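Asks: All residue numbers in the sequence shown are consecutive under the numbering used here, ending with 439.
Simulated from the structure, these hints should not be mistaken for lab results. Heads up, some of the hints might be wrong.
To be verified - Okay, derived cross-link-like pairs now, DSSO-like style, lysine-lysine, Cα gap no bigger than 27 angstroms in a straight line: (1) Lys424 / Lys336; (2) Lys391 / Lys409; (3) Lys251 / Lys355; (4) Lys251 / Lys391; (5) Lys401 / Lys355; (6) Lys409 / Lys382; (7) Lys391 / Lys373; (8) Lys401 / Lys391; (9) Lys355 / Lys373; (10) Lys391 / Lys195.
Claimed, not checked - FRET-style restraints, in silico, Cβ to Cβ: (11) Asp343 / Ile418: 14 to 22 angstroms; (12) Ala313 / Gly337: 50 to 58 angstroms; (13) Arg410 / Asp343: 22 to 30 angstroms; (14) Ile418 / Arg393: 34 to 42 angstroms; (15) Arg410 / Gly315: 46 to 54 angstroms; (16) Tyr332 / Glu430: 40 to 48 angstroms; (17) Thr432 / Asp383: 25 to 33 angstroms; (18) Lys314 / Asp397: 29 to 37 angstroms; (19) Ser150 / Gly296: 25 to 33 angstroms; (20) Ala226 / Pro335: 34 to 42 angstroms.
If you're wondering where the values come from, they're calculated on a predicted model, not measured in any experiment. All C-beta atoms, glycine included, are put in the ideal place defined by N, C-alpha and C.
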Amino acid sequence: MKRWAKIVISGSLILAIGVGGYAYSIYRPVVDTLESIYEPLESDAAAGAADPAARGGELTASVGNSGVQPLRELPADLGDKKPFNLLVLGVDERENDVGRSDAIMVLAVNPAKRSVLMFNIPRDTRTEIVGRGTTDKINHAYAFGGVNMSVPTIENFLDVPIDYYVKVNMEGLERIIDILGGVTVDNPFEFDFEGTVYAKGPIDMNGHEALMYSRMRYDDPKGDIGRNDRQQLVLSALIEKGKNISNLAKVNSVLGAVKDNVKTNLTKDDMMDIVTKYRTEIDKVDKDEVQGSGKRIDGIYYYIVDEAEKARIRAELTEQLDGNS
Numbered sequence: 115m116k117r118w119a120k121i122v123i124s125g126s127l128i129l130a131i132g133v134g135g136y137a138y139s140i141y142r143p144v145v146d147t148l149e150s151i152y153e154p155l156e157s158d159a160a161a162g163a164a165d166p167a168a169r170g171g172e173l174t175a176s177v178g179n180s181g182v183q184p185l186r187e188l189p190a191d192l193g194d195k196k197p198f199n200l201l202v203l204g205v206d207e208r209e210n211d212v213g214r215s216d217a218i219m220v221l222a223v224n225p226a227k228r229s230v231l232m233f234n235i236p237r238d239t240r241t242e243i244v245g246r247g248t249t250d251k252i253n254h255a256y257a258f259g260g261v262n263m264s265v266p267t268i269e270n271f272l273d274v275p276i277d278y279y280v281k282v283n284m285e286g287l288e289r290i291i292d293i294l295g296g297v298t299v300d301n302p303f304e305f306d307f308e309g310t311v312y313a314k315g316p317i318d319m320n321g322h323e324a325l326m327y328s329r330m331r332y333d334d335p336k337g338d339i340g341r342n343d344r345q346q347l348v349l350s351a352l353i354e355k356g357k358n359i360s361n362l363a364k365v366n367s368v369l370g371a372v373k374d375n376v377k378t379n380l381t382k383d384d385m386m387d388i389v390t391k392y393r394t395e396i397d398k399v400d401k402d403e404v405q406g407s408g409k410r411i412d413g414i415y416y417y418i419v420d421e422a423e424k425a426r427i428r429a430e431l432t433e434q435l436d437g438n439s
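Please work from the sequences and hints to get the whole structure.
Replies: Quick look at the structure:
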């Protein structure tokens with residue numbers, strides 16, 4: 115498996131939710147962090163799935179979206195190494211702003227196949243906002259109803275239910291990067307954004323520079339897809355830096371930043387199972403992209419994904435989550 119793929123999957127499943135390699139060296143602070151970031155969906159609580167002991171049976175879409183059909187049983191225990199999918203929302207929550215999900219990543223994990231299917235959904239994708247009765251950009255679901263509206267909207271768009279989510283405040287990444295002393299990425303092309311020139315090739319960035327680097331899209335020839343690529347570069351560099359922390363004060367500072375900026379419906383035990391039972395089972399990460407085209411409707415730019423492409427995505431996800439190797 116390519117080095118960047120190993121870093122991305124490790125980061126998305128482990129460090130981004132505060133586990134990393136510290137679970138055994140500083141057990142109590144990690145446990146406290148994992149317990150504090152647990153936040154079940156409203157539909158989890160209503161169905162009793164917020165209690166891990168009550169999990170089981172068919173997984174249906176959040177808030178009862180009848181358009182999404184159950185595909186399999188919800189893993190009663192990730193300790194059994196069942197296939198699952200994870201929605202990662204990178205949320206831009208600034209002061210006096212409810213925020214939007216600027217990064218939307220889906221990871222379909224199947225240890226039986228020793229693989230992960232990973233893809234980003236462009237933030238401008240035009241789709242129905244479930245629970246609101248309107249058609250809008252997919253990232254606006256978070257602004258209208260937070261994670262509890264984002265999850266069913268993404269489920270409806272994919273026509274596939276989401277098992278788990280992780281929400282990361284992008285401003286929190288800035289803080290973590292500064293704690294770790296900055297990151298280095300290999301920038302594919304030179305550009306100027308917010309008064310900073312990002313040269314082509316290896317560049318060192320502090321937290322603010324890295325956050326701005328991951329936000330630019332209008333000068334990227336690939337548009338939102340290119341921005342997704344740069345977000346992955348920053349995350350990869352962050353994970354690489356985080357793996358080498360030896361200073362306990364820095365570890366505790368990172369955990370504090372995670373507490374302030376991450377929420378998930380994965381329980382403490384779920385996350386520990388991912389670290390101990392899934393990480394070593396993954397040999398490859400297959401990256402896919404949602405194909406579409408830009409279009410202006412009533413003067414507003416949208417990313418349009420046709421029904422054939424949605425069917426292709428759903429088929430890929432369904433095959434990946436099939437329990438057979």
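Asks: So, for every hint listed, does it hold in this structure?
Replies: Hints, one by one, checked against the model:
1. Lys424 / Lys336: holds, 20 angstroms
2. Lys391 / Lys409: Since the Cα atoms of lysine 391 and lysine 409 sit roughly 44 angstroms apart, the hinted pair is violated (cutoff 27 angstroms).
3. Lys251 / Lys355: violated, 34 angstroms
4. Lys251 / Lys391: Not satisfied, since the Cα-Cα distance of roughly 37 angstroms exceeds 27 angstroms.
5. Lys401 / Lys355: holds, 23 angstroms
6. Lys409 / Lys382: violated, 43 angstroms
7. Lys391 / Lys373: Roughly 24 angstroms separates the two Cα atoms, so the pair holds.
8. Lys401 / Lys391: Holds: lysine 401 and lysine 391 sit about 22 angstroms apart, inside 27 angstroms.
9. Lys355 / Lys373: Distance of about 19 angstroms is within 27 angstroms: holds.
10. Lys391 / Lys195: holds, 7 angstroms
11. Asp343 / Ile418: 14 to 22 angstroms: Cβ of aspartate 343 to Cβ of isoleucine 418: about 21 angstroms, so the range 14 to 22 angstroms holds.
12. Ala313 / Gly337: 50 to 58 angstroms: Violated - the Cβ-Cβ distance for alanine 313 and glycine 337, about 21 angstroms, lies outside 50 to 58 angstroms.
13. Arg410 / Asp343: 22 to 30 angstroms: holds, 24 angstroms
14. Ile418 / Arg393: 34 to 42 angstroms: holds, 37 angstroms
15. Arg410 / Gly315: 46 to 54 angstroms: violated, 35 angstroms
16. Tyr332 / Glu430: 40 to 48 angstroms: Roughly 30 angstroms apart at Cβ, these two residues miss the hinted range, so it is violated.
17. Thr432 / Asp383: 25 to 33 angstroms: Given range 25 to 33 angstroms: holds, Cβ gap about 27 angstroms.
18. Lys314 / Asp397: 29 to 37 angstroms: 32 angstroms Cβ-Cβ, so the 29 to 37 angstroms window holds.
19. Ser150 / Gly296: 25 to 33 angstroms: Holds - the Cβ-Cβ distance for serine 150 and glycine 296, about 27 angstroms, lies within 25 to 33 angstroms.
20. Ala226 / Pro335: 34 to 42 angstroms: holds, 38 angstroms
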